[in-house]
Each structure stands twice: as C-alpha cells, then as structure tokens.
Amino acid sequence: MTGFLVIAVLVLFAVAVWQMNKIFQLSQVGKSDDSQIANDKDNSFNGKLMLYFLVFFYVFLVYGFWQWSKVLLPEAASEHGKDVDLLMLISMVIIMFVLVVTQFLLHYFAFKYRGKQGQRAVFFADNDKLEFIWTIIPVIVLAGLIIYGLFTWTDIMNINEDDEDALVVELYAKQFAWEARYAGEDNTLGDANVRFIEGMNTVGIDPSDPDGQDDIITRELRLPVGRKVIFKMRSQDVLHSAYMPHFRAQMNTVPGMITQFAFTPTITTAEMRMNPDVIAKVENINNIRNERNIALAAQGEELLDPYEFDYLLLCNKICGASHYNMQMKIIVESEEDFEAWLAEQRTFAQTMNP
Amino acid sequence: MSTEAHNHSAGHDDHGHHHHKDTFITKYIFSIDHKMISKQYLITGLFMGIIGIAMSILFRLQLAWPDKQFTAYEIFLGKWGADGIMDPNVYLALVTIHGTIMVFFVLTAGLSGTFSNLLIPLQIGARDMASGFLNMVSYWLFFLSSVIMIMSLFVEAGPAAAGWTIYPPLSALPQSMPGSGAGMTLWLVSMAIFIASSLLGSLNYIVTVINLRTKGMSMTRLPLTIWAFFVTAIIGVVSFPVLFSAALMLIMDRSFGTSFFLSDIFIAGEILHHQGGSPILFQHLFWFLGHPEVYIVILPALGITSEIIATNSRKPIFGYRAMVASILAIAFLSTIVWGHHMFVTGMNPFLGSVFTFTTLLIAIPSAVKAFNYITTLWKGNLQFNPAMLFSIGLVSTFISGGLTGIILGDSALDINVHDTYFVVAHFHLVMGISALYGLFAGVYHWFPRMFGRMMNKNLGYIHFWVTAIGAYGIFFPMHFVGMAGLPRRYYTNTAFPYFDDLANINVVITIFAIITAAVQLVFLYNFFSSIFYGKRAPQNPWNSTTLEWTAPVKHIHGNWPGAIPHVYRWSYDYSKLNKKGDDYVIPGQDFVPQNVPLQEDEEELNH
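So the protein lines, in turn, are chains A and B.
Just so we're aligned, residue 1 is where the first sequence starts under the numbering used here, counting upward by one.
Just so we're aligned, residue 355 is where the second sequence starts under the numbering used here, counting upward by one.
To be clear, the hints were calculated from the coordinates, so they are not data collected in a lab.
A hint or two may mislead.
As the list claims (entries may be wrong) - Mimicking DSS-like on lysine-lysine, the simulated pairs with C-alpha atoms at most 30 angstroms apart in a straight line are:
| # | chain 1 | residue 1 | chain 2 | residue 2 |
| --- | --- | --- | --- | --- |
| 1 | B | K889 | A | K22 |
| 2 | A | K70 | A | K82 |
| 3 | B | K934 | A | K112 |
The following block holds chain B by itself, in its conformation from the complex (with noise of 0.2 angstroms):
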C-alpha cells in the first residue's frame, strides 16, 4: 500500500479523477475534500473550545472568590471588568456564551463535524462525501456562524445573556437586560447560520452512509463510529429544523412585534401590547432541539470510543447489534424525552408523569451500552494509547454523570434540585466531558490519519491523567452545592448569608478548573506542534481493522490511489483464532483488516 502511496498520481488516472491543479485556495481554503474540511472543522472547534473555556475560568474565580478583585477581569472583559469587578450582566453573558459556544460550537460541530467528515468516507470506503460541494458550504456557514457569534462578543451593550436556552421574555425584551439587545440578535442570526450548515452537513451524511458504501459494506458490518455518526446525523435533521422555527418566531417578536411567546408584560414601568403568547411554547420549541442535542454530542462520542476501545483491547465490541440498537434506542427516545427539561415551568403535570416514563427508559440502552464497554475490556490485551485512556475516562465519566440523571429525570425529585447545581454537574459529566473525552480520544486516534504524523504519547498521559482528576474534582463536589439548594446562574451567592458554607467548596472547584483548563495547553501544544514536528506516521499505527487505515498515508483526493477496496468482514476482527484455535486467523497477526477475504481455515460469523 505505502509504495502505492508515492506513486499516486499514477493512481489517479486509474480512478478517472481529473487531477486539476490545486492552489492554495482550493486546496487549504475552499477546500471540497473531506479530510481537508474536517481539519477545518477540527481546528475551528479547538479555537471557540479555547474561548468557552476561558470563559469558564473567568466566571469561576468570580464564583470562588466574589470579593476580590482580579486584574484578569480588566483586561479580558475591558469596560465591564473595571477596577477588576465583574458586571452581574456580563457574568450571565459568560455563562449564556460558553454554553451556546461548548454545546454548539464545540461539541456538535467540533466533534461531529469533525469525526463524520473525516471517518464516514474513509471506513464506508468512499472517494468523498455525496456532495463535495454541499460539505465546503457546510463548512463555511459554521466558519461564519462562528465569527458572528464571536462577533456579538464585542457589541456596546454586551452579548447574549439570557442563558444558552435563551427563554423569552427575557432574550426577547432588550428592557430587561442589555445582554437582550444587539447581542441577542446576533445571537439568533449566529443560531440561524449554524443550523443551516448543521441541515447541509447531516444530509450529506446521510446520504453518503446510505448510497456510497463499498462493495461487500452492508449496514452490520458498518464500524460504530459511522452508525454513530448516522444516526446522529438524522436526530439532527429531525430536531434542528425546530430550534430554527423556534428562533425565527423570537426574531418576529423581537424585531416585528408579534406575540408568539409574550402576553401580560409590564416592565420597565411600561406595559407591552403583546397579549396572547406563551412562553412555555419556546421552551417546548427549544427542547424539542435542545434534548436531541444531547445525544448530538454524546453519541458521536459513543461510537468514536466503541471503535477505539475495541482497537486497544484487541478484542471485538462486545454485543455489536446491543450496540447499534441501543444507539437506534436512544435516538428514538431523544426525541420524546425533551418535557422532563420543563417539569416545574408551569406544563401539565401528566405531561410530566409520560415524560419521568420515557426520560427514564432511556436509562436502559445507556446501561446497556456501558456495560458492554466494560465486557470488552474483560479479557483484553489492552493497549494504553493515550486514545484508550481517554475513551475508558468517557465510559467513567459517562456511567457517574448519567446515574444522577436517574435523581433528575424523576419528576417528583427534580423539583427540589431543578435549576441547582445538582443539574449543571450532572450534565457537565454526562455530555460535556464525556464528549470532551470522545473528541480527545478522536483526535489521538486519528491524529496519524489526519496529519500523517503521530502525537507524542507522554504529554498524551500528561493530559489524560490531569483531567481525568480534575474533570472529577470540579463536577463532583458541585453535586454537593446543588443539592444544598444553590440556585445556578448566581452572579455571587453573598446575597444569601445560608449559602456562607459552600464558598470554600466553590474554592475548591475553582482550583480544579483551573489545574484542568492549564493542562489543556499541554494537548494544545502537543496537538500543534505534532503538525509540523511529530514523528512520521506508519500505515496503520494502531493495528486497525478499518479501512481508513488501508488508505495511503498521504492525502490524495480520492481517499485511495487505485480501486476501492472491498470488504469481507465486519470491523472487529480482532484477535480472532483459526479454526484450530492454535493461532490468529492469519498466523502471528492478531487484526483481520475488513479488506481481507475470509480465509480457509477460518470460521464465518454472521456479520
């Protein structure tokens, strides 16, 4: 294969490709080729991920230490940091920002974006995407939605403020916060243009996985990753049309006066024409997104870690079809779970009831799920790439983060701890550093397949164990503060002398986060300087049995030189015995890549 490599432009005009001369705008910019957009995507996700965690930092050492005076206050938030005091609006703007930025912009394209557009070409056995076209506009409607919502970070009367949920009234009237204003439109304009490219994204996806599998490719034999990143791709068709219809009546009633969320409102000494509207139907609106969303982050995730696990165990994902059902599970349930975000807002409380029943059955896929992560591990040969550390984290974190959502799903037990900090640890371990973990574990994994070099592995465990730690030592004490009834979104908590005694553990969490976002400039460092100076990547690193390993080194449009190969097997053939059972079906070699053909002394499975 790697001689095939070199020889590649030989390679081209067997596939009857037009090689046409690349300049630096096609090729770097403009690009149509996946692997270059995913990079983009990748890259672009890291620098909004270095914004939303700074943030992060600055709201926690307001939180930790709310009577002192940082200089770090002034220099990044300027006019509302004077004097090195934080503004209370330009607090909630920091939280409202760093969660649209790590939800959306971080950890759905970030990750997926990232993942699917690298992985599902490259393991179906394709030359590209469906529509090379559609991708690079995909691409560039997120790269726009991103300067947009950076954009409104500089706006005279602050960015958005309301929260990441952005619940109208109070992101649609600019009088009740100045965070409502400028920012908020931007906010919803930045949304808008997200979602867009998000639609262009999973409808290639989608297609791609269904029409251009290689031959011998059939939906059983697909790696996880890529019903992951399928399936993903549907919620996301599914449920993202919604937030857009649900921002697009917030413009109307911000901008053209309508009253589709609004009746009854007097502020500011004033009393509103609006009559009529509801609230509540944002918030159903919203979370009609906004739960999917969740599993738009976490399965990607999922199906990254399922693929490495198996790869650095050297064994077979334990239960494939348990696992594609209970991804098939979660997906249908997302969507009919998204009421137990609402259960004390005011909705019915039989609506409550049904959606406590359904929130909770999807505790079972996830447990099954979890448990045949660790099945897999049971009787491995495991392999501590810095990936395996991270993907074992996600399971960790995962399983600790979604047992209390058992506490939150439960109607009767949320009303006591909804809107606490019991809710933001909990889905902090369960989405984001889960997720955070699934991108960490991608970008080790495939960094070999990205940029033809490989990361140094020591700073890789540097990185691992230091957040592994810290991930624990921030969110788990916030349990803690949540079920001690601290309300979320409290610019400080002096106002409530009952609070005094959770201040040293705000401290300590405070200290966490901070040890946790440093050693992330240690991945930063790694991630880029492993570019320009890592060590020269082999063919298949790992050992995989995958076919974006079979694919030369080298980037060529195309993915491979010459045909595309054909698969006989499933992804997980590892460590595999011979009939005999005396040795691995092909002698001294404990991987059967899916381009090989089933062998003589080797017995079929029905994948």
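With the rest of the complex left out, here is chain A (with noise of 0.2 angstroms):
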C-alpha cells in the first residue's frame, strides 16, 4: 500500500512538473524562441515571480511568527536568563528589520529592473560613499552588540566560588543518565575520579576524603528558590551537555575535567505552572495528546498519560544511542521544602555503610 502511494505520489509529482513545463512553453507562445536564453516575457515573468515571492516571504514571516511562537520557551526562571531574553530580543528586533528591509530592496529590485529590449543598464561601479555609509552603520551596530553581549556573557560566566551562601551541586553524566550530587553539610564537594566507580559509588567519590562523607547523590534535581546555585559538571564516558533550557543554562560535560555554570533560580515549579504562558502550552500540548490517544485506543495500545509542567534537564550533546531520551527532571522549590527533601536523603557514607 504504502509502495503504491509512493508511486502515485512520483508520477502525480512528475505530472505537474510536465504540466508547469508546459504552462511556461505556452506562456512564449508567438515567438519560436528556443535558444535557452531568457527573453522579454521570460523576464517579465520571473520579474513578478519576484514580487509574489517578496509576498509569500513576508506571509510566511507573519505566520510563523503568529502560529508558532507560543511554541517558544516561558520567560526565564533564573536571574541572569532576564538578561539573555532582553539581549535576544533587542537581536531579533534588529535582525528582523535588517531582514525586511534588504529582502525587499532585493526582491523589488529584481521587479523593477527586469530586462526588456532596449532598456539601458546604468554604468555604476563604485561610490565611496555609499559603500563607507553601509560599512560603518553595521560596524556600530554591532559595536552596540558586541559590548552589550560581552557584559551580559562576563556577568554570566564570572562564578565567584567563595560565595558562602552558594549551594553546590554536581551533575554527573554517563551513557544516558544524570545524577546530582548535593555537596551536603559542609558545602563541599569530596573528590571523586572513575577510578573510584565500584558498586554503590556510581559517581566514583574518594572513599578516603572526608569531604564526600556527606555528599548526597539523587536522581532528580531539586533547587531552592533564590538562592545561586554553583554547578560542577563532571562525564565518566563522552561528552555530554547539561542543557536547561528555562533556566537559558547550558554546559557541557567533558570527561577528564570539571566544567561549571552558576545560576539563580527565581521561579519555583509550582509558580510556573501557574504562568498564562505555560498554561496555554500544556494545554495545546494535553490536546494534541488526547486527539492521539483516541488513535491509540482504536488499535488498543496503551494511552499517553496528561501532561503536566516540569522543569527539564536534557543532555544537547550526540552521546549515542539513547541520546533523545537523557533528561532529568529539575524542581524549583521553597527553602524549606528544599531542605526538609535534602534531609530525607542518603549520605555517602549511609550509602556505603548501610
């Protein structure tokens, strides 16, 4: 079945590329034109090609930009993620309006100067002005970008690590997990290597250092509230990448050393969920899954479960097989529903002596 409608599908295609040959050999119809070279109506022709597809452009412009940006991101749920959305957005406003603007010079362009039999092209070769007035407007405007992009970048990656008030937490990657490990009590991290990795040591810490004795290793992350959050990033097999997109974090995770990221989360799950944005989404998302599970209960297979918000961990770094399905649930909550979860789980040192 399948073969045949490929088939179909071809010849149909095939069909309507004969019958466009066609259209475009009627439309020269008069004159027994064949030598290959576009004449007056070919360029007449594709002249206003031209301007429809200015059209088409701009439609297609408008309507991604209305049906598919509620696909996007929420607003940002850490502190310096506000500074990367307005950053993005001065970007794309500019971007959009460079994009407009030379897209329509180009095509109206191609329009109005089409060829005809007698027209003179102007001799025009060099202006010096004109080319130092399009040299130095991008040049500021970028100037613009670049000094804006650079503070926002240092502001971000600068992670001062003295920071008392910081909690630090490690992410841990393998083929194709995450774990966390909370440096506990004592806010610091006990040494770790593979070469430590045995039975219940999944993350390889140093048996003999008395700084992992209280370090907490969990499957999902949990962070509070307003507070920074120092990551340490570590990879036991190949690359990984610690992507977070609501939090506008990401980092890679290099096996052989640390890498780090630093954010303050500023909106707990349970407020995100209550954004208009996010509630709109979810329930675009639960529709699309209820129309599928009327499929699926027709051919009796198991049904989607309903979608609900959650803050996500994803690996964005070609890992292997299972790449597509490396995540990590992420939970932003109170301090003290933070800590009272942080106080149910098991040291190091509990785990190893049970």
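Combine the two chains into a complex, taking the hints into account.
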C-alpha cells in the first residue's frame, strides 16, 4: 500500500512538473524562440514572480511568528535569564528589521529592473560614500551588540566560588542518565574520579576524602528558589551537555575535567505552572495528546499520560543511541521544602555503610 | 572565433602542443585536462549529493512521523530498518554521513573543485592548470575518498555516527556506539585522503592564479570568481592540514592507545587506561578547520554569484574593490573565529569573549557584500536566466541565514540556542542552501561552456521557484523549533511530552523537504538530458565579458586554438557608454569583452 502511494505521488509529481513546463512553454507562444536564453517574456514573468515571492516571504514570516511563537520557551526562570532574554529581544528586533528591508530591496529591485529589450543599464561601478555608509552602520550596530553581549556573558560566566551562601551541586553525566551530587553539610564536594567507581559508589567519590562523606547523590535535581546554585559538571564516558533551557543555562560535561555554570532560580515549579504562557502550552500539548489517545485507544494500545509542566535537564551533545532520552527532572521549590527533602536523602557515608 | 574552432588541429600546431592521440582512458578517465577534470568533479559531486539528500529525507521522515513505520527504511537501511522502524544508531549515522557528504564531498569538492578547475585557467587565460598531473591526482584521490566513504555505509556495525564533527570520546571508543568501530576508521581514512586531494588541488589553484595569468590580466582585473577561488584555496591550505593532524591523533587514540583526547573514562563497566588527554583539544583542532571550511564552501558560491549577477544585470559589479577586500577580510577573520562553536564546551569564558568579538566582526564584510549585490541589481537590465535566479536566491538566503549568525555568534545568546535546531536552521540557510544555489547557478551558467549545449530554461525556472519556496519552508520554521529548546540529533522527541507541540512543525518541515528534494530530480533530468540532447550553445550565450567565452565551444586541449588572448580591461565593462554618452563603447553591444583593447572614444577607468 505504502509502495503504491509512493509511486502514485511520484507519478503525480512528474505530471505536475510536466504540466508546469507546458505552461512555461505556452506562455512563450508567438515567438519560436528556443535559444534557452531568457527573453523579455521570461524576464517579465520571473520579475513578477520575484514580487510574489517577496509577498510569500512576508506572509510566511508573519504566519510563523503568529502560529509558532506559542511553542517558544516561557519567561526565563533564572536571574541572568532575564538579561539573556532582553539581549535576545533586542538582537531579534534588529535582525528582523534588517531582514525585512534587505529582502524588500533585493526582490523589489529584481522586479523593478527586470530586463526589457532596449532598456539601458546604468554603468555604476563605485561610490565611496555609499560603501562607507553601509560599512559604518553595521560597525556601529555590531559594536553595540558586542559590548552589550560581552557584559552579559561576563556576568554569567564569572562565578564567585567563595560565595558562602551558594549551593554547590555536581551534575554527573553518563550514557544515558544524569545524577546530581549535593555537597552536603560542609557545602564542599568530595574528590572524585572514575577510578573509584565501584558498586554503590556510582559517581566515583574518593572514599578516603572526609569532604565526600556527607555528599548526597540523587536521581532528580531539586533547587531552592532565590539561592545561587554553582553547578560542577563531570562526565564518566563521552561528552554530554547539561542543557536547562528554562533557566537559559547550558554547559558541556567533559570526561577528564570539571566544567561549571551557575545561576539563581527565581521561579518555583509551582509558580511556573501558573504562568499563563505555560498554562496555554500545557493545554495545547494535552489536546494533542488526547487526540493521539483516541487513535491509540482505537488500536488498543497504551494511552499517553496527561502532561504536567516540569523544568527539564536535557542532554544536548550527541552521546550515543539513547541521546534523545537522557533527561532529568528539575524541581524548584522553597528553601524549607528543599532542606526538608535534602534531609531525607542518604549521604554517601550512609549509602556505603548501611 | 568559431571558424577557428573547427580548425583546431591547425591551431594546435601554432602553439606547439604535442597532439598525442587521446584514447578513451586518457580523455575521459585519467585526463589531465582541467575541463574534463571539472566535469569529473561535478558528476562525482552530484552523485554524492543524491546520496546526501536522500539520507536527509530518510531522517526527516523519522522526525516527522516517529511512530509510523515506513517500508522505505526497510528498503534503504536493511537490517537497521527492519519492520519499517528506524534504529536509533542508524538515525545518528544518517545525520553524520549526510553532514559529511554535503559539506566535504558536495560543497567543497563538488562546488570548488568543479568551478575552480573549469574557470581558473579559462578566465585568467591559461592553457591549463600549472600541473595537470597533480590536478588529475587530486581528482582521483577525491574519487577514492568518496568510494571509501560509501563503502563505510556497508560496514557490519554501521557507518560513523558521532556527528559530522566526530567529537571524541564518542568517536574514539567503539564501546560508546557501534558506529565508532570500523565505520569510524573508514571515515577517518576517507577524510585523510580527501584532505590530501584538497591540498593538491588548492596548491595547484594558487600557483596557477599567481603564475599563469595572461598578458594584461593584473590582479585587479581578475573576475571575482577567480578572486574567490584563489582565496578559498589559500584558506584550504592553511586549515585543512590542521584537520589532518586532528584526524591522525584520533587514529592514534583509537588504534594505538595514545591519550591525546581521552582521560578518566569509565565505559561499559570498565575503566580505560587513558589519562591526561583533553576532548576540548580536538574541538579546537577540528574547528580550526571546521570554521574556515564553511567559508571554503560559501566563498566560491559568492564568487560565482558576483560574476552571474553582474553579467545578467548588464552592469558592473558594484564596488569591485570592496568585494575583493571583503573576500580577503572574511578569509582572514574566518581563521580566528573557530571558538564560537565552543562557547559552552568548557573552554575558558574569557576566550569566549574574544571569539564573540571576532565573530561579530565577520558580519561587516558579509553585510558589505550583500549591499553590493543589491546595488548591482539597482537600475540594471536584469536577464532572468536560471543562473541569475539562483544567484538572487543565494543573496536572499545568505542574508536570512547570516542574520541569525548575529545571535549565535553572541556568546551570551548562544548558551540557550547552542546545539539546538536554531543552529541547524542557521547554517543550512547561510552555507548549505546558499552554497547549493551557488552550485546550481554555476551549473546553469557554465553548462554551455562545459558541454557545448544549453540547459532547458523552463525546467530551470521550475527548479528554482519550487526550491526557493521549499528551502525557506524547511528552514524558517526550524528556527522556532530551536528557540523552543529542542536539541539537534534527537532520534525522536516523543521522550519529552514538553516537545509534543513541535510535532506538527516537524511535519511541515518534512513535507517541504520532500517536495524540495523531489524537484531536484527535475534538475538532474535537465542536466543529464541536456548533455546529450540540449540545444547547441552559441559561442557566448550570456553576452559575457570574461575570457572563457572567447574559447571555442568545442573543447580542445590548451583552450585556445591560436595565441592566448591578451587582456586590456577588467571583466565588468557591461553597459559602459562612450565619452559622448550616446551609445555603448562598442556601438549596439552592451558589453566589452576583456580581450578588446581600449576604444577611441572610451574613458579609461583605473582597472
């Protein structure tokens, strides 16, 4: 059946192309011009198509923003994320403006100056003033963007490790799962190396290091709201990337070295679930899932669970067959809830000597 | 000229070439004639392109309908598509080989190899490349590397699958994925041979442009195509050896137990002995080639476009010197921006700042080029041959794709779109689609020169307009998918209910992709049928000024039957008027070929 459909589609496509070719040929009736070089008719026809294409381009652009901007990420849930979003907005406005203007000029000129027999092109080879202007304008605009961008970047990446108040968490990556290691009472992570991995010691903490005894290893990532979190990242096998899109945060995990990233979560999971954009998005997703469920039910297959919003940690560096499913749930909650949860978890010492 | 063409054997005696009888083998296979080698490059490149694009359709099907079964998988993927379900490993292999083939085999060898070979000798007025033999070796090494790359598809455990950037440790450890076994070995061997081929070719192009220009062909009279090919070759010579060293070290790590890129690894329940290497070192080495590589891909396309837009606008290219300067600036900057691929890899954040700075600088010469193209159209007399349409299309996609580069090049913004579909959309528009448009433009424009026949223009128009809509249809929606936070190289998005609302965008993208790929068949049909049945081409179909159109239609070894033409002017004297301003320099003819001396009533420009 599929094979038949494929053949049918191919045949119809070939017919369509043949017909279009016919139309092009018929539009050139009168002149038996088979030189295969564009004549006035071709120029006029393609010139007009340039204009239609411009219209298509704008309509598609508007349709895209109208229809698809609802799938975008909701507001940033971290302190620095707001700066990133503002910089993104400014950059987007600038590039959209340039895009709309340059595409207009390009396609409109193509239409306006479409060739005609006897039309004389203007010999216009150089104009220093014009060229200076459109060199200097990008220079100024880009200088602004560069400076703004660099300030934002430096703010994000300058991690003050002496910050006593900051929570230190290790993100540990392996094919194809994440683990989190909290630094415990002393807020200092114990030394670790893959060579210590054995049995219950899944992230390779050095058993002789006193700093490591109170470390807590978990399969979900909970963060207290409003407190800075310094992430130390390791990988035991290949490259992975800890991508937390809602927090505008990402850093690769590299075997053989420790990478880091820090941010302060500002919105709890519960608050984010009440965000109007998120409510709309979740509703849309659940509608899609319900529709799929109808089809699944008809086939007698397992139904999809209703979806509830949660922050995500995804792997964003190709790491093997199950790269697409290497994820961990992130929960942002109040400081008290967080402390209560953490107190329930077993420390490394408890795990190793039950 | 055309009468001389028929009389070419006499011509041969004139310039003292030994006319040895060409056998089939010396003429079509082990040819040392640059025109034949360019055809070999083109046809090999097109063949690889068919494979690369077919692969993209397979993985687009998987992305759009992850829960459907397709017989196509069973047919093309065999055991990896059993029951019409695609294996996750083969999905990664498809994206890897698609990237490798399109970047290196189609857009580097197929584009630069074809047109550098065809045009450098013809446009600078040389009989052939500086070394015809090296040129032949270059092609056959390319052919060999293509064969090995294709062979790797049939390896038991599957071809290389670590992404076209083959970052270790994933690419170094066969335990980490099946594709990192024999498939990766073949990939590395193939690329090593490819690099040798590219270096031989590039050195040849450089020497030819420097030494073999005809009398009067000063550097400032060179067509922009030659400038682009020349600078591209220089970038290639500077950066490809670095990839070779990276590949060599990776081979050592894989096969001989060294630890250049590996350290502290626990995999498959076993601790490896590797200690002290850095995966980030590989990324530096890779992108030291990898970034210039995208300019190796796009600069020839921009050069081709400059020539075609000027010819078909019947106007000189606007700001010739600025165009040359921006090619040089792009080439220089391209070698100091590689770190923008590595903002979040664990590289020192201060380095990130430096690379943000250099990266955004590269937008300036790119902007100058775009504005100059637009101004070239202004008040022209545009002849919409298919080549011209593709050139305008290139400017359009180059702008659209280039602008999003401003976001990706900004390290602070890159954090959240790094390795998402936003990147995929960006680079496909700015260097994938744009360079392919350059390739198509070049084929339509120089087909008469290559094969002595014309391609069908109506099929060309269909090809262009469907492709133009399709290309934006594929890559414009993809930006939204990326900004929604969807990582690239995911076999399916169904593991994340959060991304369920992206499914219908993926369907839209795939439908556009299928239509766009299908219309390329029109091009292939047009191309191959025109080789044999196309209308015979006149000497100079596009009324162009450059030297290649002064050579006879029939190919002869040595290009010109008589003496090599001398050059008296730059290549952009289109619609130039005489001093009185009442007619063109040559009355009734809106172009002055480069080999025409300065006319009496003509104002001399500083070219």
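(request) Enumerate the violated hints, using their earlier numbering and listing them in ascending order. (result) none
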